[in-house]
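> Sequence:
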Amino acid sequence: MKILKTLQILQKYSDENHPMTVNMIINMLAKQDISAERKGIYRDIKKMMMAGYPIEKCSNNQGFYYQHELEYADAKIICDTINASNFISMRHSRKLIDEIMKNLSIYEQEAIDQSLCYIANKVDTTKLTYTLTKIQDAINLHQQIAFYYFDHKFN
35 MKILKTLQIL
45 QKYSDENHPM
55 TVNMIINMLA
65 KQDISAERKG
75 IYRDIKKMMM
85 AGYPIEKCSN
95 NQGFYYQHEL
105 EYADAKIICD
115 TINASNFISM
125 RHSRKLIDEI
135 MKNLSIYEQE
145 AIDQSLCYIA
155 NKVDTTKLTY
165 TLTKIQDAIN
175 LHQQIAFYYF
185 DHKFN
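Going by this note's numbering, the residue at position 144 of the sequence shown is 178; the numbering climbs one at a time, nothing skipped.
These are calculated hints, taken from the structure and not from any lab test.
Restricting the straight-line Cα-Cα distance to at most 27 Å, the calculated cross-link-like pairs of lysine-lysine (DSS-like) are:
#, residue 1, residue 2
1, K136, K81
2, K39, K81
3, K36, K46
4, K39, K65
5, K46, K81
6, K91, K36
7, K129, K46
8, K110, K136
9, K80, K36
10, K91, K136
So the derived label-pair ranges between C-beta atoms look like this:
#, residue 1, residue 2, range
11, C151, K73, 44 to 54 Å
12, L162, D114, 16 to 26 Å
13, N61, Y87, 18 to 28 Å
14, D132, T165, 19 to 29 Å
Computed from a predicted model, the values in this text were never measured in an experiment. A virtual CB, placed ideally from N, CA and C, is assigned to each residue, including glycine.
Work the whole structure out from these sequences, hints included.
What follows is the structure, given as structure tokens:
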């Protein structure tokens, strides 16, 4: 349980610019009623690193940080692009951005969130997105599709 909570703490509260010392980790574990000692934390971090978790030790030996798969700059570009895309509805934009932000530390999430200016006049494209998905599925399955170019209502 302690090793899993340590991993979650590193994922959420650390990044390259915000490393965590062992004492910081111990204090955060204590807030969750989990007791830990320095040697145990070092041992757990070493086990996680050996298991392939992207935990890095600071070059100055002042702590550890979780190396997130998605770098901040890349996440920022993706979030800005989603936000600026008029063909993605506001609701869907927020959902996609929230999914991307889950892969960042709280500090990176906050920085992106503060820089985004949500565009209010987006078109609701839920039906369009659904239709495009159906067309793509048909193409992938080599199925023929049919559609009307126009939907006229004559009086």
